[in-house]
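Here is what each chain is made of, one letter per residue.
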Amino acid sequence: MKYFDHAATTPPREDVIRTVTEVMAQHFGNPSSLHRLGEDSSKLLSKAREVCANVLQVKPGEIVFTSGATESNNLAIRGIMSKYRHRGNHIVTTSIEHPSVFETCRQLEKEGCEVTYVPVQPDGTVTAEDVLSAVRNDTVLVTVMHVNNETGSIQPIEEIGKDIKSRHPLVFFHVDGVQAFGKLPLSIRNSRIDLYSLSAHKFRGPKGAGLLYVREGVSLAPLLTGGGQEGGLRSGTENIPYIVGMAKAVRLAAEQQPHLAKQLAKLNLELHEGLQHLGGLEINSSPQGAPHIVHFSYPGMKAETMLHMLEEEGFFVSTQSACSSKRSEPSRVLLAMNKEMDCALSGIRISLGEEHTEEDIRQLLRAIERTMERLQRVKGGNS
Amino acid sequence: MQYDMLLLRFGEITVKGRNRSRFEKAALAHVQDLLKAYPATEIKKEYGRIYVVLHGEPAAKIIDLLKNVFGVTSISPVKVANSEIEEITAQAVSFIESMNIAKETTFKLNARRVWKKFPVSSHDMNQIISSPILKACSHLKVDVRNPEIELRIEVREQGTYLFSEVVPAAGGFPRGTNGKAMLLLSGGIDSPVAGWSAMRRGLEIECVHFHSYPFTSKKAEEKVIDLAQVLSGYYGQIKLHLVPFTEIQTTLAQGKHDSVMITLMRRAMLRIASALAERNNALALVTGDSLGQVASQTLASMNVIGRATTLPILRPLVTTDKEEIVSLAQQIGTYELSILPYEDCCTLFVPRSPSTNPNLHVIEKIEAALPQLDEQINEAVSGTETIMIRPGEAVIRRSEAEPVVQDKWF
Chain L
1 MKYFDHAATT PPREDVIRTV TEVMAQHFGN PSSLHRLGED SSKLLSKARE
51 VCANVLQVKP GEIVFTSGAT ESNNLAIRGI MSKYRHRGNH IVTTSIEHPS
101 VFETCRQLEK EGCEVTYVPV QPDGTVTAED VLSAVRNDTV LVTVMHVNNE
151 TGSIQPIEEI GKDIKSRHPL VFFHVDGVQA FGKLPLSIRN SRIDLYSLSA
201 HKFRGPKGAG LLYVREGVSL APLLTGGGQE GGLRSGTENI PYIVGMAKAV
251 RLAAEQQPHL AKQLAKLNLE LHEGLQHLGG LEINSSPQGA PHIVHFSYPG
301 MKAETMLHML EEEGFFVSTQ SACSSKRSEP SRVLLAMNKE MDCALSGIRI
351 SLGEEHTEED IRQLLRAIER TMERLQRVKG GNS
Chain V
1 MQYDMLLLRF GEITVKGRNR SRFEKAALAH VQDLLKAYPA TEIKKEYGRI
51 YVVLHGEPAA KIIDLLKNVF GVTSISPVKV ANSEIEEITA QAVSFIESMN
101 IAKETTFKLN ARRVWKKFPV SSHDMNQIIS SPILKACSHL KVDVRNPEIE
151 LRIEVREQGT YLFSEVVPAA GGFPRGTNGK AMLLLSGGID SPVAGWSAMR
201 RGLEIECVHF HSYPFTSKKA EEKVIDLAQV LSGYYGQIKL HLVPFTEIQT
251 TLAQGKHDSV MITLMRRAML RIASALAERN NALALVTGDS LGQVASQTLA
301 SMNVIGRATT LPILRPLVTT DKEEIVSLAQ QIGTYELSIL PYEDCCTLFV
351 PRSPSTNPNL HVIEKIEAAL PQLDEQINEA VSGTETIMIR PGEAVIRRSE
401 AEPVVQDKWF
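Going line by line, the protein sequences match chains L and V.
Going by full-length UniProt numbering, the first residue of the first sequence is number 1, and it counts up by one from there.
Going by full-length UniProt numbering, the first residue of the second sequence is number 1, and it counts up by one from there.
Some hints here could point you the wrong way.
Straight-line C-alpha distance at most 30 Å; calculated BS3-like pairs for lysine-lysine [claimed, not checked]:
| no. | chain 1 | residue 1 | chain 2 | residue 2 |
| --- | --- | --- | --- | --- |
| 1 | L | K43 | V | K108 |
| 2 | L | K59 | V | K180 |
| 3 | V | K219 | L | K43 |
| 4 | L | K59 | V | K408 |
| 5 | V | K36 | L | K43 |
| 6 | V | K180 | L | K83 |
| 7 | V | K61 | V | K108 |
| 8 | L | K262 | V | K408 |
| 9 | L | K302 | L | K2 |
| 10 | V | K180 | L | K43 |
| 11 | L | K302 | L | K162 |
| 12 | V | K408 | L | K207 |
| 13 | L | K83 | V | K25 |
| 14 | V | K223 | L | K43 |
| 15 | V | K223 | V | K36 |
Derived by calculation from the structure, the hints in this document are not laboratory data.
My request is simple: use the sequences and hints to build the entire structure.
So this is what it looks like as structure tokens:
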């Protein structure tokens with residue numbers, strides 16, 4: 001079986017698994033305990049924070065460890081909106097955000113916030129200009145993902161950040177960096193980002209660990225209250241083995257990013273060309289998008305059918321995003337890109353990882369071709 | 001006399017406006033910590049005061065303990081009576097009788113009706129209560145201006161408090177209410193006193209000690225641990241960072257700049273302490289410098305040394321005389337430890353004629369000619385061993401076997 005669902009989750013690195021196991025076995029102390037065992041755990045926690053901060057080129061005090069992207073995104077958005085309510089109650093986001101951002105915004109609307117969902121262009125990107133013109137006097141937060149999890153479209157984060165901060169210095173800027181980290185370069189400081197979410201399992205770290213960068217001087221209301229861990233922003237005993245494992249994964253992902261991006265871009269191009277060559281497919285991603293995601297629709301076919309047939313052929317792919325794939329609804333992201341309904345119902349996402357070769361791509365293309373033929377026969381027989 | 005209660009008063013923190021409750025909470029937590037040794041006691045908090053109900057625990061011992069609580073200015077042992085004039089009077093008489101007062105002692109009664117529903121006014125109470133007292137203790141002389149003994153009576157709804165003794169306490173600001181600083185703790189007399197003074201102003205302190213084993217003995221380190229332990233008695237618990245300084249000293253000594261050796265060492269120490277401060281979220285350094293005491297404490301030296309860091313350097317003892325420092329050290333209990341005769345890393349390299357007027361330009365040039373220095377400073381920071389010191393508890397040192405933070409994990 002070939003795994004082509006790296007945007008959903010990545011196989012953890014061997015050395016990350018080893019780190020997690022060893023740390024779990026050797027350092028079970030609660031980092032809040034004052035005795036030596038606690039101190040030891042606390043040292044590992046500081047070291048992990050330092051490593052993550054170094055990679056992101058921020059200060060250790062600006063890193064808050066969380067359970068993953070959903071928590072990071074929720075903490076960022078809710079944390080800002082409840083802390084800075086006096087400045088206004090308006091949020092600017094895009095129509096293609098991940099559910100952990102989108103649903104949080106929807107929830108906040110019910111709680112009295114106003115949200116502007118900036119529409120995307122047919123290629124799935126927003127323009128900095130559109131985002132900026134949505135900002136009003138009562139806007140508190142702008143939240144934009146770096147790379148879309150379904151189509152891999154890349155948003156102009158640096159431009160948005162610079163524009164917002166030069167014209168509306170008081171407006172906070174949150175970036176969901178989950179799909180971009182390790183695939184695209186990004187400077188948090190240059191992009192004038194106030195809040196930045198990451199999830200470890202998207203770059204071969206453990207599931208259940210993530211982080212939120214919170215720029216010094218920005219205050220958040222916590223989602224969880226309790227023992228006051230993570231500077232009071234995230235109470236709960238820190239998951240030391242996973243956090244250490246994440247630190248290792250963060251470092252390696254950043255180190256290997258240029259190389260990996262190059263390798264994946266090549267496979268991505270080949271896959272795009274091959275799909276185009278097949279004909280009858282609608283290709284929703286662009287070779288200029290994130291290197292690890294290729295997305296197409298086979299209009300008229302249900303996406304899940306295609307997924308299972310590819311599984312039979314030995315390939316794991318995805319419909320929509322993993323987080324919404326259990327619902328057989330049209331893709332919100334594709335609809336936002338002005339795609340037809342039957343296209344939005346039949347999206348297949350192929351996401352690549354470093355283990356893939358050109359031969360894998362060729363085999364995948366052949367499998368897609370065979371699947372299309374089979375589906376065509378079924379469809380033909382029915383009509 | 002068996003006292004029922006202790007009354008703890010706060011000084012300057014009561015004028016702290018909106019922050020007052022934060023200060024009071026910190027002091028309360030400190031009291032609670034210390035009273036764990038006396039589980040029968042009970043703490044009550046009231047506006048600007050803390051009461052400790054003794055429930056039979058020894059007043060004198062607990063006063064000795066609590067007078068070290070920063071933020072508390074004074075403590076009075078209190079006798080409690082029911083708020084009825086007959087009982088108050090009887091208690092007041094026995095209170096004075098039990099004091100075994102010498103003849104001709106001057107005396108004043110100061111009764112106050114806090115609970116306004118109490119039927120007798122403050123003024124009337126003074127008269128009603130003082131006459132039986134004077135009858136029972138005929139050798140007392142009344143002096144309302146400047147009495148040697150003042151018996152104060154406060155009538156409250158829940159009970160009436162009688163007290164006379166006022167034991168001065170540490171004062172200052174409650175534990176840790178003014179942020180955190182790193183104390184450069186040598187084995188000398190001054191730095192522990194500087195640390196105590198800083199803590200008294202509400203600073204949380206982490207101690208940094210530079211050791212240069214095998215140049216100095218392990219005993220020197222033990223002595224510093226003991227000193228930190230005395231300080232922890234005033235705070236509850238204190239972190240001590242033990243910094244390996246041997247390599248840096250060796251490097252600096254190779255330069256043959258004998259007369260500015262101390263200057264170079266102190267600058268390296270400040271840089272290490274600053275890095276540790278950043279790691280531990282401390283915003284200042286505290287040193288035991290006292291102006292003019294030794295060569296490194298002339299104004300010119302302090303200038304050149306201080307420029308090695310951008311953090312504020314707090315010098316609580318800077319204008320204090322040596323005698324004052326020694327008497328404070330005796331008072332807080334560090335003096336006897338401080339004078340134990342072990343070499344520390346500063347005394348070891350004292351040159352015959354240390355410069356009292358180092359030149360910043362020259363010093364920077366010497367440092368620039370030692371390219372390995374920066375790296376060694378980083379190594380010293382990462383090689384620092386941190387231990388938690390608690391009053392009266394044995395210190396557990398990390399086993400040398402396996403480092404906690406293993407590089408292969410990151």
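Outcome of the hint check:
Pair hint K43(L) plus K108(V) does not hold up; C-alpha atoms about 60 Å apart against a cutoff of 30 Å. Pair hint K59(L) plus K180(V) holds up; C-alpha atoms about 19 Å apart against a cutoff of 30 Å. A distance of roughly 27 Å separates the Cα atoms of K219(V) and K43(L); the hinted pair therefore holds under the 30 Å criterion. For the given pair, K59(L) sits about 23 Å from K408(V) by alpha-carbon distance, which is consistent with the 30 Å threshold.
Of the supplied pair hints, the one linking K36(V) and K43(L) holds, its CA atoms being roughly 29 Å apart against a limit of 30 Å. About 26 Å separates the Cα atoms of K180(V) and K83(L), which keeps this hinted pair within 30 Å; it holds. Distance hint between K61(V) and K108(V) is fulfilled; the C-alpha atoms sit about 28 Å from each other, no more than 30 Å. Restraint check for K262(L) and K408(V): the C-alpha separation of about 27 Å stays at or below 30 Å, so the hint holds.
Proximity of K302(L) to K2(L) is assessed by CA-CA distance (about 22 Å); at most 30 Å being required, the pair is judged to hold. Proposed proximity of K180(V) and K43(L) is supported: the alpha carbons are some 19 Å apart, at most 30 Å. The hinted pair formed by K302(L) and K162(L) fails the criterion: a straight-line CA distance of about 42 Å is larger than 30 Å. Proposed proximity of K408(V) and K207(L) is supported: the alpha carbons are some 20 Å apart, at most 30 Å.
Proposed proximity of K83(L) and K25(V) is supported: the alpha carbons are some 25 Å apart, at most 30 Å. Only pairs whose Cα atoms come within 30 Å are accepted, and K223(V) paired with K43(L) is accepted, the gap being roughly 25 Å. This hinted pair checks out: K223(V) and K36(V) have alpha carbons roughly 27 Å apart, not beyond 30 Å.
In summary, the structure is inconsistent with hints 1, 11 from the numbered list given earlier, while agreeing with the others.
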